[in-house]
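Chain by chain, the residues:
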Amino acid sequence: MTESKVYLLESKSGDLVEASLFDDIQDEHLELWSSTWAPLMRSFRESLDTFTPEDSHWNWKDKVSEWRNFLGYQFYSIVCSGELQGLMLTTDLYSARIQEQFGKPIVYVHLLSTAPWNRPELEPVPRYKGVGRILILCATQASIEIGYKGRVGLHSLPKAEVFYEKKCGFTRLGKDSSYYNLTYFELTQTQAESFRRNY
Amino acid sequence: MKLQFQKDWFAKSAEIEGVSEVGAGLPPNCHALEPLAREAISVLDTRIAFGQFVELWRRNTGWNPERLACEAGIETEEVLEIEHDPHYEPEPDAIFKLARVFDVPAQKLLELAGLVTNRTPQLREEAIRFAARSESISALTEPEKEAFEAFVATLNTEKA
Amino acid sequence: MTLNLTVKEMEVLEELAQKKDLSKTGVMKLALRLLQTIDARIEPGKKLLVEDESKNEKSELVIL
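Residue numbers (our numbering), protein chains in the order written: chain S, 74 to 272; chain A, 2 to 161; chain R, 31 to 94.
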């Protein structure tokens, strides 16, 4: 497992806080998920008064145990101040759909999630900003390292479509009726390069 | 995989991200992470609808099971099993052949038959509604005909 | 590790490398990942279906 130094923006102080990005999800990360994220998500699901997050039912423990031993699947986690801030599962077995790169392999983001306390729908003032773009940066990095030149694809949850299109520069390919009608997005090599330059 | 980016990259990136929902993956209320038992029940639900759909399509066309089997190029026994036994798992090959005869998307029939993961939203709900509204006796009644035609329209809904 | 490929296999490898915009090593790595995933997900005797949605056609890939 490799650890990379990254930074999150703490909303309250406006300071950049050091965090760690890991290219794996280990037992200690799952323990954090289980003891912090999962109970919060459960309480949102069970309460009739509060809003239910779109990914409240995701079970990361099951996903890790299902895919951990496969070369074609990769896990990533972000920890800051001893707390789990973000998780991602990717695969490098899928192909691009955009015409200009059709059929070329991409890193496909299967699941991407930020901690409940970082989400505008659950917290009036989300604790940290930047988790989403760091995980996408990570996906482009993995794509480059494996020879896919930064190409990334994903199906966005409905409320995150604006984030992927406007704040990450993905191309929107429309609703995918073969995948729960979620909107599919893709990043070309050129778009990945722009993203990595923070444009 | 190692990331080596300067601190100011992250500062600007966080500013760009701002306050955003960022989730990607399985949609709300997706049952893909539910235990296997619940998945098995779900397959039976849609398979009942699948069997009834096959039977109603056949009766609506005025064919007996043998004729349908002949037109599709499958065994008569397969048609009978599909129509009457929701525990019977049809061959994918048979589904494709039936889809061609019915002129409906094979993918949707594969989902109904429980051979692939249900990924078409509301298909399961539509299938159960259809099964509840239809009765499998001789000629189609007007309500059955209506239910049948509405369900065919659902199966043929184009991709966006 | 040295790979001993036939002329025909080498041709296919080069063709795929060009088509997929990958190095030959990249193609071999992708093949390995795919095989591991398929092997684990498909029980012996079961078939992998490839579907052409526009034509409602399918072809089979039999995995032994």
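What the hints contain is simulated information worked out from the structure, not anything from laboratory work.
Don't take each hint at face value.
[Unchecked claim] Distance condition first, Cα-Cα at most 30 Å in a straight line; then the derived DSBU-like pairs of lysine-lysine: (1) R:K38 - S:K248; (2) R:K38 - S:K222; (3) S:K85 - A:K13; (4) A:K3 - R:K38; (5) S:K78 - R:K38; (6) S:K232 - A:K146; (7) A:K146 - S:K78.
Going through the hints against the structure:
no. : hint            : in the structure
1   : R:K38 - S:K248  : violated, 41 Å
2   : R:K38 - S:K222  : holds, 28 Å
3   : S:K85 - A:K13   : holds, 17 Å
4   : A:K3 - R:K38    : violated, 37 Å
5   : S:K78 - R:K38   : violated, 46 Å
6   : S:K232 - A:K146 : violated, 39 Å
7   : A:K146 - S:K78  : violated, 64 Å
Of the numbered hints given earlier, the model fails hints 1, 4, 5, 6, 7; all others are met.
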